[in-house]
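Here the structure of chain A is known, so what remains is to put chain B in place on it, guided by the hints.
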Amino acid sequence: MKPVQDVHELLPHRYPVLLVDRVLDLVPGESVTAVKAISRNEQCYRKVGAHTTATHLAYPQSLLIESWGQTAGILATWRSPDEESAAPEADRVMLLGGLTGITFHRPVLPGDVLHHRARVFHALSDTVIFEGETLCDGELVMSVERMVMAFRPAGRLLPSAG
Amino acid sequence: MTTQPMVELDKEELRTTLADVIDVAPAEIGDSTDFLDDLGVDSLLLLELVVVLEKRYRVKFSEQEMRTARTFRDAYALLGGKLVVSG
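Here the protein sequences line up with chains A and B, keeping their order.
Quick note on numbering that gives the first Met the number 0: the first sequence kicks off at 0 and runs consecutively.
Quick note on numbering that gives the first Met the number 0: the second sequence kicks off at 0 and runs consecutively.
Note that these hints are calculated values from the structure, not bench results.
Ideal Cβ placement from N, Cα and C applies to all residues, glycine included.
Hints are supplied without guarantee of correctness; some may be wrong.
[Said to hold, decoys possible] Partial pick of chain B residues on the chain A-facing surface, computed with a CB cut under 8 angstroms:
| # | residue |
| --- | --- |
| 1 | L43 |
| 2 | L44 |
| 3 | E47 |
| 4 | L48 |
| 5 | V50 |
| 6 | E62 |
[What the hints assert, rightly or not] From chain A, some residues computed to sit far from chain B (all C-beta separations above 12 angstroms):
| # | residue |
| --- | --- |
| 7 | D24 |
| 8 | V26 |
| 9 | T54 |
| 10 | H55 |
| 11 | Q60 |
| 12 | V92 |
Pulled out of the complex, with its shape left as it was, chain B reads as follows:
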């Protein structure tokens, strides 16, 4: 039996959502772009990012997870994992 995510996680939609909160063009967020080092996101904006994702995708992250999602790849993987689990 395979586990299917309840909500399909659209990579580009996630990129657009993140870009909107960070206030940059979606193209500026590459898969390995580090939000803090490359885009100047500070720790508070990073929290805001994760909180927006929680609301949009109806998932919950622990404080530890919130502070470790630093790149688009991290955020995508973290969110993807949550959607599978919650599904």
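This is chain A alone, in the form it adopts within the complex:
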């Protein structure tokens, strides 16, 4: 199945930290594949000048993990159109709880089109554990042994109004 929704509808993240471009494939409760194209116009390169080396153009690993995590987040919160609205999700905040066994296989550079693949390792009521990897042109870029994602009530985390 191919969900056609814009990632804008699937994630609460917004520019400049909406780090997923398009969902290619999603099997509810099981797996997701999404694309993120790295551009020289990314916010993280705004201070990188003309006379620079490739090492300065390597996409930050923290953002790579964030991008992969957002892909996993789409899988965690995805509801089919005939299910109840995603309204309850608005009351829950998605948090990165922990990472185990992250391996970066090669640097990511502007022009790379990343394919993030995330699979549910284990799902509990308020916590989901994922595993997966990121590929570019079929080549492994990053592998994720486990990512723990926690969902907590917004009311307990956000400052109360007024």
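Leaving out everything else, chain B in the frame of chain A:
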């Protein structure tokens, strides 16, 4: 008729597996060491621990069981019980 576990539960192997996930030396995990109080394991890492055990030993734990296995002795007993039942 006695019930025999399908998989022999090796105590030291379990200790090594847990130590690897918590990121401490196996020697730091005594039988009554409390993962949360003594090793600084938080609730999320505790879940990760149990999930790794599920995968490795091919058993299933309920959410309630997952949240109560706080010491090595608890984890060993819980896992031992599961292996006997599933066998």
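Which of the listed hints are not met by the structure? Result: hint 4 breaks, nothing else.
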